[in-house]
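**Student:** This is what each chain is made of:
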Amino acid sequence: MTLFEEIALIAGKDLRIEGRSKVALNQIAPFALLVIVLFGFALDADRVALQTFAPGLYWMTVLLASILAVHRSVAVEAGEGAREGLLLSGLRPASVYLGKVVALVAQLLIVAIVLLGGVLIFYSASISDPVLLVTSLLGAVLGVGAAGTLYGALLGSQRARETVLPILLLPVLAPVLIAATRAFGDAMGTTTSDGWQWTQLLYAFAAIYCAFGVLSHGVLMEEN
Amino acid sequence: MHAVDLQDVVVLLGRFPALAGASLSVEPGEAVLLQGPNGAGKSTLLRLCAGLLRPERGDAMVLGQNLRRDRRSVRSRVGYVGHHSMLYDDLTVGENLRFWGRAAGVDESQQLAAADRMQIRGRLFDVPVARLSAGQRRRTALAVAAARRPELWLLDEPHAGLDQDGRDIVDALITDAADAGGAVLVASHELERVEPVVDRRITIAGGLATEVRRNEGEQE
Chain A
0 MTLFEEIALI
10 AGKDLRIEGR
20 SKVALNQIAP
30 FALLVIVLFG
40 FALDADRVAL
50 QTFAPGLYWM
60 TVLLASILAV
70 HRSVAVEAGE
80 GAREGLLLSG
90 LRPASVYLGK
100 VVALVAQLLI
110 VAIVLLGGVL
120 IFYSASISDP
130 VLLVTSLLGA
140 VLGVGAAGTL
150 YGALLGSQRA
160 RETVLPILLL
170 PVLAPVLIAA
180 TRAFGDAMGT
190 TTSDGWQWTQ
200 LLYAFAAIYC
210 AFGVLSHGVL
220 MEEN
Chain B
0 MHAVDLQDVV
10 VLLGRFPALA
20 GASLSVEPGE
30 AVLLQGPNGA
40 GKSTLLRLCA
50 GLLRPERGDA
60 MVLGQNLRRD
70 RRSVRSRVGY
80 VGHHSMLYDD
90 LTVGENLRFW
100 GRAAGVDESQ
110 QLAAADRMQI
120 RGRLFDVPVA
130 RLSAGQRRRT
140 ALAVAAARRP
150 ELWLLDEPHA
160 GLDQDGRDIV
170 DALITDAADA
180 GGAVLVASHE
190 LERVEPVVDR
200 RITIAGGLAT
210 EVRRNEGEQE
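Protein chains in written order, with numbering that gives the first Met the number 0: chain A, 0 to 223; chain B, 0 to 219.
Hints may be right or wrong, so weigh each one.
[Said to hold, decoys possible] Here are some chain B residues the structure puts well away from chain A; computed CB gaps all over 12 angstroms:
no., residue
1, P27
2, G134
3, Q163
4, D170
[Claimed, not checked] Calculated lysine to any residue pairs in the SDA-like style (CA-CA distance at most 20 angstroms, straight line):
no., chain 1, residue 1, chain 2, residue 2
5, A, K21, B, A129
6, A, K21, B, P127
7, A, K21, B, D88
I should point out that these hints are in silico values taken from the structure, not numbers from a laboratory.
Ideal Cβ placement from N, Cα and C applies to all residues, glycine included.
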């Protein structure tokens, strides 16, 4: 099999599992929507404040939801020793990593799109630059997927994974939070920052973590 | 060439020496029973031979590969069935077989032949693994391993959870694998069950391996 066929095999497997279990759609997306609504309550339903802070609240919620999605992605392999099966299969570690990134990004995109609808409805936010919004959304989700899969593999089968993962991952994703919030602020017309520059940073972040993941996933699989 | 040749091998699990200088060899076409008390190091030895554990000291050759230098090339040539099924609960039996088969480069006819052999085709094929009994999971895990036509079988308590029919299938699998020139290492507590289908026994105790002579119960 070629590298791309292996990536498709892993991604297809993870997406099929998600299709069966519907964890992203039935559990993570509702959780994220609930957080958006609760942020609204916390800000006293002040429409101006909600519109101003919508990009930051949106991305904070996406990051919280992504912790659940990454945890689920790792748990799929940890359950019945499938990680060892992947080692024994002869698949390239890089394709296992990239396949899992593709599947995680696809699931996060669903959650992010559902959540975007929630922000537009509950916060009465508007979009002034849809191209910038979509481009930055893709870059940010790619970065979260790349870093999340890498840190998920780092923690592997450790028992404390559930509690340690957010402590490790959230600080790492801080650049994504900052850049995506600025880019979304520009795309929603709430700030005057240059959203395209922040979007470039998002893609650079994703590229760096993808490279790290491809190079280190073999070692991480072995050590766990 | 030995299928497995271990000389004074030490394997550490954390700081604990799960194997403390084990030596044994298994020839192609031979089925060998590993016996010993719980925690003796049987599963560790199988995992070592599968290339899943690194030997800390000693010489460990499996299928002609030195495990201290290269464990990856051994992995795709062994059929390891351990305590965990290595199956995905949310996928069906058929989907699991297809996924692991494709990952190992096994064509569909081999996958189906293995499923037939373990009698998991038919109504079980479209059932998610999460809904299977322990015995049905075991059969599926064995079918995944059998589809790869491994040169070295590493079976950890392969009869566990199986009904009489399934146990007979496992016995036949061991016999046929050895007859076809493969090597088989079976760790089991069911000595009476396994002994008729193996060529010799090795006792693992305290991380060391000792040969047991057949019919004599006498140790070399």
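**Student:** Run every hint past the structure and note whether it holds.
**Tutor:** Right, here's what the structure says about each hint:
For P27/B, the non-interface assignment is confirmed: its Cβ lies about 20 angstroms from the closest Cβ of chain A, beyond the 12 angstroms cut-off. At roughly 15 angstroms from the closest C-beta of chain A, the C-beta of G134/B stays outside 12 angstroms, upholding its exclusion from the interface. Residue-level check passed: Q163/B sits 25 angstroms from the nearest beta carbon of chain A, beyond 12 angstroms. With a least beta-carbon separation of about 24 angstroms from chain A, D170/B lies farther than 12 angstroms from that chain, consistent with its non-interface assignment.
Between K21/A and A129/B the alpha-carbon distance is near 15 angstroms, which keeps this suggested pair within the 20 angstroms criterion. Restraint check for K21/A and P127/B: satisfied, since their Cα atoms lie roughly 15 angstroms apart, inside the 20 angstroms limit. Distance hint between K21/A and D88/B is fulfilled; the C-alpha atoms sit about 14 angstroms from each other, no more than 20 angstroms.
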